[in-house]
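Participant: So the sequence lines, in the order shown, correspond to chains G and V.
If you read the first sequence in my numbering, its first letter stands for residue 1, the second for the next number, and so on.
If you read the second sequence in my numbering, its first letter stands for residue 1, the second for the next number, and so on.
Do not take every clue at face value.
Said to hold, decoys possible - Some chain G residues well away from chain V (every beta-carbon gap over 12 angstroms; in silico):
| # | residue |
| --- | --- |
| 1 | 64 |
| 2 | 96 |
| 3 | 129 |
| 4 | 207 |
| 5 | 240 |
| 6 | 256 |
| 7 | 324 |
| 8 | 330 |
| 9 | 335 |
Claimed, not checked - Here are some chain G residues pointing at chain V (derived, C-beta under 8 angstroms):
| # | residue |
| --- | --- |
| 10 | 235 |
| 11 | 260 |
| 12 | 272 |
| 13 | 320 |
None of these hints come from the bench; they were simulated from the model.
All C-beta atoms in this analysis are idealised placements derived from N, C-alpha and C, irrespective of residue type, glycine included.
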Amino acid sequence: MSVATSMRAKRRGRPRSERFRQRFEMSVLSVPALIMFVGFVILPVFMAAYYGFYRWKGFGKPNVNGQFIGLENYHIILTDPNFQQALGHTLFIAVMSLVIQGPLAILFALLLNQKFKGRGLIRTLIFVPYVVSEVIIGTGWSLMLQPNGAVNAVMKNLGLQGVDWIANPKIAIWTLMFIISWKYIGFAVILMIAGMQAIPEELYEAARVDGAGFWRQQWSITLPLLAPTIRMWAFMSIIGSLQLFDLVYIIWGQYVSSTAGTSTMATYMVREGRLANNYGYGSAVAVVIFIISLVIALAYQRFVLNRDLAGAVEKRERKQLERRIAKRERERMERDEIEEAIAPNNASMEVATS
Amino acid sequence: MKAKSVLAATVAAMTIVGVSACGGGDGTNADGKTEVVVWMNSTTGDGKKFWEDAAAAFEKEHANVDIKVEAIQNEDMDGKLQTALQDPSSAPDVFLARGGQKLRDVVEAGQVMDLTDKISDQVKTQMKTALDTTTIDGKVYGVPQAVLPGGIWYSKDLFKKAGITETPKTWDEFKTAVGKLKDAGITPIALGGKDAWPAAHWYYWFALRECSQSAFDEASSDMKFTNDCWVKAGDDVKDLLDLDGFNDGFLTTSAQQGASSSAGLLANHMAAMELMGGWEPGVVRDLTPDKKDMADLGYFTFPEMEGGEGDPTAMLAGADGMSVGAWAPQEAVDFLNFISEKEWQEKYAEAFVTIPAAKNAQSVVTNDALKQVLKVYDEASSVSLWLDTVFGQNVGNALNEGVVNMMAGKGNAEDIVKGIEAAANKG
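Turn these sequences into a full structure, and let the hints steer you where they fit.
Facilitator: Quick look at the structure:
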């Protein structure tokens with residue numbers, strides 16, 4: 001008896017100290033990561049917001065060496081045609097990346113999901129550009145696409161007239177789109193293949209038994225079941241497009257991207273902030289970019305990704321269930337009312353007949 | 001289990017301490033020597049060696065000083081300096097300064113030492129002209145090392161091949177020369193538009209020739225480009241474009257990096273000339289196939305514009321100098337005075353193939369093209385600083401980009417002025 005009580009007491013006591021210890025460990029172990037996160041992510045956001053209210057050259061302190069101008073920086077940003085262009089280019093790249101890379105990646109993934117000789121090699125090859133750093137890719141392509149570079153030399157040998165791929169403002173953005181697609185399609189393909197492999201083979205077998213052809217199977221089985229993967233990839237692609245900086249910076253340099261029509265929000269920020277020594281203005285641009293990205297990301301999560309997020313499905317099912325129960329309840333009540341309404345008549349009819 | 005979590009906690013705690021312990025440091029190093037950190041922009045070759053040699057020689061004379069020379073890539077210099085200057089403990093004691101608004105910004109933030117009473121007599125007397133570029137409101141904030149007058153650098157061999165016997169003196173002669181070069185199948189002019197300023201230099205020079213000196217100086221100080229001559233200079237740029245004399249894809253050609261850059265084109269005889277500053281012989285040398293001086297490099301000043309109000313001998317120039325941080329020890333100033341002595345100025349001129357700032361060291365210039373530059377420079381009626389340096393990075397970049405836009409067929413001279421005004425609002 002006494003042994004049993006002491007054991008129970010021990011058992012009751014242990015979880016509490018265990019929980020405390022666990023919490024202690026968790027807090028100690030997460031502090032370094034938290035310091036990093038707060039120091040290098042959260043704090044800079046607030047610092048940028050603070051600097052954004054000043055006209056400041058970046059030397060000394062903004063409240064000493066700068067001048068408080070309230071929202072003036074934001075007013076200039078939103079009315080600056082260069083920023084509007086950069087925003088336009090960024091959105092264009094975000095949309096075109098989805099339009100070009102999405103279908104292509106699915107087709108490639110379909111192909112590479114079949115069994116054939118050399119599949120591993122092709123899978124690797126298509127993934128290689130994604131692994132290579134943007135600086136190397138930017139330098140390589142900008143050398144090849146020079147007016148007297150390799151691409152135009154090949155075209156000349158084929159009897160075609162080459163063009164100035166990167167300096168001509170009408171072509172430059174499409175050149176950029178091509179390089180982006182070439183670089184990032186491998187990533188999309190790998191994601192899609194992974195998504196396809198998670199689809200159970202039985203579904204295809206069943207479809208074949210029912211007489212569905214290849215394309216019919218892809219349309220009715222692969223695409224719907226691949227949807228979560230596609231939505232996730234699209235999210236990453238949009239975020240990548242919003243942040244696009246290195247490729248443009250390497251190929252078009254510090255100054256001519258707006259002339260060539262390939263400036264992005266990030267290159268605008270660096271150009272007007274760091275390169276122009278306007279650290280107050282540049283910080284305000286950073287805040288605007290942050291807000292635009294945040295709004296887009298949250299909207300996407302709320303309206304597109306919400307089906308894929310953990311708990312979303314259960315919540316929806318629970319709601320449906322509740323709705324169904326409520327409906328049944330309502331129907332029963334209605335039926336009762338009708339029955340009640342009918343009942344006296346019946347009774348009177350019964351009386352009448354009898 | 002317990003030991004493991006204790007270990008993990010220790011590691012975590014140490015990380016926290018480590019993160020917060022970053023930075024710090026004062027003027028002395030472990031040996032108790034005074035440390036002077038120097039930031040310069042020569043990352044390779046003779047230039048880098050010059051700074052190392054100078055540091056070693058100075059340390060020999062001053063046993064208690066440790067000069068740490070750090071080479072920073074030129075295009076990274078401004079940004080790194082900006083960040084470093086936020087905290088004196090991370091900032092260099094001596095750093096590259098090119099005068100103009102850029103230097104003024106740092107001076108106004110109180111981060112540069114006033115050297116007026118600290119510079120040696122050698123600097124005061126022999127560098128008098130060059131010292132103007134680092135003087136702000138009558139006070140000296142830097143010591144120049146080199147004067148870098150601009151002009152057109154050309155390949156004598158290619159000019160000969162095209163049948164040009166005399167260097168062009170007027171704009172019409174220049175146009176004829178471009179035509180002859182094109183007829184001979186030679187790209188007449190190399191231009192590195194990717195860096196913007198090389199394109200803008202054409203505009204500065206046109207303006208210098210079109211504007212009267214007073215109109216030019218006025219715009220330099222108040223940034224109002226109201227005089228007609230600025231529009232005329234814009235028209236001249238259009239005129240130049242119509243010659244179709246630039247290398248293909250000049251808009252995305254860089255100025256100094258590699259053989260495909262504009263300086264590389266000149267160095268490898270792929271283009272006949274380039275409008276550049278006085279650093280050109282040194283830059284071109286590093287880009288020739290054998291990394292030796294370009295034997296047939298020549299120089300002539302910017303041609304005279306017909307009907308222009310500017311003096312045809314007026315020049316644009318830059319100056320490379322060094323400033324001292326407000327927090328730096330006396331030894332930093334001593335080091336600058338040390339390398340301003342005749343001996344080291346001569347070595348500087350040889351290492352960088354350039355014109356030293358000190359007059360008594362200029363006799364060491366042997367390069368033909370540089371001798372020509374010196375001659376023109378001594379006869380110049382006036383010497384103005386590059387406009388982008390005068391205006392600082394903010395307005396200067398807007399001006400440069402405006403010119404690049406115009407060269408790409410977007411906008412005109414009025415748009416340049418608009419861009420300048422818009423930029424002035426931003427900072």
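Participant: Evaluate each hint against the coordinates.
Facilitator: So, going through the hints one by one against the coordinates:
1. 64: It is violated; residue 64 of chain G is separated from chain V by about 9 angstroms at its closest Cβ, not greater than 12 angstroms.
2. 96: Fine: 22 angstroms to the nearest Cβ keeps residue 96 of chain G off the interface.
3. 129: With a cut-off of 12 angstroms, residue 129 of chain G remains clear of chain V, as the shortest Cβ separation is near 21 angstroms.
4. 207: holds (52 angstroms)
5. 240: holds (24 angstroms)
6. 256: For residue 256 of chain G, whose nearest Cβ neighbour in chain V is about 6 angstroms away, the distance does not exceed 12 angstroms, so it is violated.
7. 324: Check passes; 49 angstroms lies beyond 12 angstroms.
8. 330: holds (57 angstroms)
9. 335: holds (64 angstroms)
10. 235: At 32 angstroms from the nearest chain V Cβ, residue 235 of chain G fails the 8 angstroms test, so the hint is violated.
11. 260: The hint holds - residue 260 of chain G has a Cβ within 8 angstroms of chain V, the shortest such distance being about 7 angstroms.
12. 272: Where the cut-off is 8 angstroms and the nearest Cβ of chain V is about 6 angstroms from residue 272 of chain G, the hint holds.
13. 320: Where the cut-off is 8 angstroms and the nearest Cβ of chain V is about 45 angstroms from residue 320 of chain G, the hint is violated.
The structure fails to meet hints 1, 6, 10, 13 from the earlier list, while all remaining hints are met.
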